[in-house]
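In the numbering used here, the protein residues as written are 656 to 1082.
One should not assume that every hint holds.
Claimed, not checked - Within a straight-line C-alpha distance of at most 30 Å, the following computed DSSO-like cross-link-like pairs (lysine-lysine) qualify:
(1) Lys893 <-> Lys905
(2) Lys753 <-> Lys905
(3) Lys746 <-> Lys732
Just so you know, the hints here were simulated from the structure itself, not pulled from any lab data. Since the structure is predicted, the reported quantities are computational estimates derived from the model, not experimental observations.
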Amino acid sequence: MKKIFKYTFILISFLFLMSSCIPLSLFDPLITNEIIDGNFDKVIEFKEKVKNVKINGTVLSSFDGKNYTLSRTLFTKNNYLEYEYNGKIYKKTLNAVKPDLQLFIYACGDTTNSPLSEFLEDDINEIKNALMNVKRNILVTIIADFTENDKIINLYNMNGKFYRVETNPSEYGMNDEINSSNPDILYTYMEKFYIGNTFFLDLWNHGNAWEWESKQYLKTKAVIVESSSEFLKISDIKNVLKKFEETHKKIDVIGFDACSMAQLEIVYELSPYANYFVGSVNEEPGYGWNYNFLRYYDLSIEFMLSNLVAVYYDYYNSYSNLNYLTMTAIRLNDFKNFVSKNLVSIKPNDNDVVIFHSVISNADFCDSKFAVNGIENYIINSYYKEKNSTGLGILYKTSDMDLILDYKELDFYKDFKLWIEEKWKPF
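The task is simple: from the sequences and hints, build the whole structure.
Okay, structure coming up:
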């Protein structure tokens, strides 16, 4: 028995001695093994303090000896990292990883009547929760036009850690006060931060459908409301998407985290320049979308968009005073051609249609299924209290001359003027 104890003690002592003899030089303190692609500064992290850190031959600065800032100006597809630890020189290649999905949120919280800035931070918390629970790489870029101190915010998860990188617009040669109602500014920011792969443009603010589309003499437009009372018109957005497709690609998703944008006329106008559309025909509560839907990007775009609608429903379903809510995700492939071939020949009676709860006064909107046969086939998922609703609206009736002038500026009216005036007769 004593021999067994003796041999056991010797074996344990030997193993302890061997482990203590492992040189520290074999321990690599580097945490960051790959970097997400993107036009913003990154952080290279170490477990221990290191020195003489270089990227592609350029010395990097540190704020605590363990974390080093990699400037976006030094960032390449293959980043050659060199550093010294415990007397040993380490050389590594940090590959740039393109995100599978880039959600680009163009957020205007700088509004006069009801500032939305406070809601953006709630959305960021939802995004963080989603990114920490999804397997694929997602980059969320937010152009945040606040009441003051506008920011560019990039959010992502790499290797189980959430990152939030904030910069000022002036660091990209832009004015620190973002004029988000200017379509040229929207395009410029898309151009500066577009990475590639799947691109989801989310216009985040108030929405007024196509109202004011004809008012060339006013500064007012139809979505993205600023404190200066300026808006983006639907034609502005169309031109931005068209230019982006000519320069890069057709965007994958155009979404509106805003009120009353899921109108057939709007979808028709934007459909050639995106693969999918998502939005609400009715009003949205101040909290808007629940961005936990991003966790469902593991499978496909359609699966994610279907769950955007489902998560929106789950989030608000318990509120009895919000039974007017809608949300709809739509495929856009060949949408224009389908609409042109399937317009109804007879307008239904008033008693046969359901009128939506739009923010536009002096006008009624009904479900587009009463105007386009088979439009349901383009709906990925839809949420509305009325069963069998597509959640996609169309102008049903108005006598407001200003609204009529606005309507006549839309491609839908120009393409189907005869059908609108002789069969559908909304005015």
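Hints, verified against the model:
1. Lys893 <-> Lys905: With a Cα-Cα distance of about 12 Å, the restraint between lysine 893 and lysine 905 holds, given a limit of 30 Å.
2. Lys753 <-> Lys905: holds (18 Å)
3. Lys746 <-> Lys732: holds (16 Å)
When held up to the earlier numbered hints, the structure conflicts with none and fits them all.
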